[in-house]
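Participant: The listed protein sequences correspond, in order, to chains A and B.
Just so it is clear: in the first sequence, position 162 is 162 by our numbering, and no numbers are missing.
Just so it is clear: in the second sequence, position 2 is 2 by our numbering, and no numbers are missing.
One or more of the hints may lead you astray.
Pulled from the structure, derived: some chain B residues nowhere near chain A, Cβ distances all over 10 Å [as the list claims (entries may be wrong)]:
1) 20
2) 39
3) 60
4) 90
5) 96
6) 136
For each label pair, taking beta carbons as the anchor points, the in silico distance ranges come out as [as the list claims (entries may be wrong)]:
7) B/24 to A/133: 18 to 28 Å
8) A/1 to B/63: 33 to 43 Å
9) A/36 to B/32: 39 to 49 Å
10) A/115 to B/18: 25 to 35 Å
11) A/201 to B/31: 19 to 29 Å
Stretches of chain A that chain B covers, calculated by requiring three or more beta carbons in the stretch to come under 8 Å of a beta carbon on chain B [what the hints assert, rightly or not]:
12) 176-182
13) 202-215
By construction, these hints were calculated from the structure, which means they are not laboratory data.
Keep in mind that this is a model prediction, so the values were computed, not measured.
Glycine residues also receive a C-beta, built at the ideal position from the N, C-alpha and C atoms.
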Amino acid sequence: MSEISVIAVLDDPVRRSLYDYVSARGDGVSRTEAAVATGVGRTLAAFHLDRLAEAGLVEVTFARPPGRSGPGAGRPAKLYRRAAAEHQVSVPPRDYRAAAELLADVLDLTGAEPELQRAARSRGAAAGRAARRRDPGLPGDDLVTGALAAQGYQPYREGADVRLRNCPFHLLAARHPPLICGMNLALVEGLLAGAAVTGLTARLDPRPEECCVVVAASKTNAD
Amino acid sequence: MTGHHLAQLNIGTARGTPDSGEMAGFMAGIVPVNALADTAAGFVWRLQDGDGPGATALRPCGPDVMVNMSVWEDLESLRNFVYRNGPHLDFMRRRRSWFHPMAVPYLVLWWIPAGHVPGLDEALSRLDLLRRDGPGPQAFTFRDPFPAQPRAAGLHVPGPLPGPAPGRPNRARRPGSVNDEAEQR
């Protein structure tokens, strides 16, 4: 299937919202869960989830719900999760990925990481200030979560921390971990500072298949 | 991978002497980071000496060049520690404030028979090989790894390599002028 055909599979509001839900969850999602979360019937959800699987946008696994095993537990449920493959379409043809890889190679060679981190921090701060201007009264946590979501990080709560399900720079980060993870950290630090949010601190805490940055509640929570 | 372990050497030109302000963060971090390595899954051995934390007092490549050498059960163990351990990744993120950038490879990986303790001569000759010929089965990088090959010439004969194995295809790279980390894929 060509890249553009894969993307075209998402051109349906129900399918798109199912994809967004599965993609943001991280673990396997059952048909029933996806149907409830997106407000459609189970049969319709199953139909669209299987179209997404055919296109390779989601992967299918089979598992029994926790706590059910042995004889009489029934058939394992079909579970869906976001596929790892990336798809990009640009019209007219553009190749920013190749340019980014070249730039990252040169930054590694020349050791210009402190400058990259400085630039990233200031870019993050601009995004944080813009988010604060849009919603001056929003609590810090919500402001940060919204701003990170807008940048594609897919934030989710874990206790008092905000974890980031998605690395917007995944391929580059896999190729240049210290360079890109350091840039990511500086972006998020800048965002927190720009949004004038207290009580949250960004630090590196890599997990497989997630962004390497976690936004953790500081010890002295002023929120 | 049974029967083989992975050795790594990594060198860096320090921006100051170990007791200088420039290197204070590095010197303060090296002991806790080494302690993390020692307890990491797949860790086998690391180079140490008596005069400083870790191998920081060894200077086989010149007065400013620090070396770091370790052995791991396999490539994935080392990769997990280097890139997926938060404190270590954070340490690496800050490396430019302590070490000058290098336009040639400064990290080399190679397979050794399990139980063998690599010497610095052996390690530096692998780095030379990588710099001269680019990544190959006897000297490679994270970005361009090679599997352990039990029958490969030289693998069971640890020690300085005299040169490329006879009959090895010339990889047609500009010798010594290419950073392999920057050239892969």
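Participant: Evaluate each hint against the coordinates.
Facilitator: Verification of the supplied hints:
The beta carbon of residue 20 of chain B is kept farther than 10 Å from every beta carbon of chain A, the shortest such distance being approximately 18 Å. Non-interface call for residue 39 of chain B relative to chain A: holds, since the shortest CB-CB distance, roughly 17 Å, exceeds 10 Å. Residue 60 of chain B, annotated as away from the interface, keeps every beta carbon of chain A farther than 10 Å; the closest lies near 22 Å. A beta-carbon of chain A comes within 10 Å of the beta-carbon of residue 90 of chain B; the shortest separation is about 5 Å.
Listed as a non-interface residue, residue 96 of chain B fails to keep its Cβ farther than 10 Å from every Cβ of chain A; the least gap is roughly 5 Å. Listed as a non-interface residue, residue 136 of chain B keeps its Cβ farther than 10 Å from every Cβ of chain A; the least gap is roughly 20 Å. As the Cβ distance of residue 24 of chain B to residue 133 of chain A is approximately 40 Å, the hint placing it in 18 to 28 Å is violated. With their beta carbons about 58 Å apart, residue 1 of chain A and residue 63 of chain B fall outside the hinted range of 33 to 43 Å.
Taken as a hint, the range 39 to 49 Å holds for the pair residue 36 of chain A and residue 32 of chain B, whose Cβ atoms sit roughly 47 Å apart. At about 26 Å, the CB distance of residue 115 of chain A to residue 18 of chain B agrees with the hint of 25 to 35 Å. The given range of 19 to 29 Å is respected by residue 201 of chain A and residue 31 of chain B, whose C-beta atoms sit roughly 24 Å from each other. Three residues within the 8 Å Cβ limit are the bar, and the segment 176-182 of chain A against chain B gives 4, so the coverage statement holds.
Using a Cβ-Cβ cut-off of 8 Å, 7 residues of the segment 202-215 of chain A lie near chain B, which meets the minimum of three, so the contact claim holds.
Hint violations for this structure: numbers 4, 5, 7 and 8, all remaining hints satisfied.
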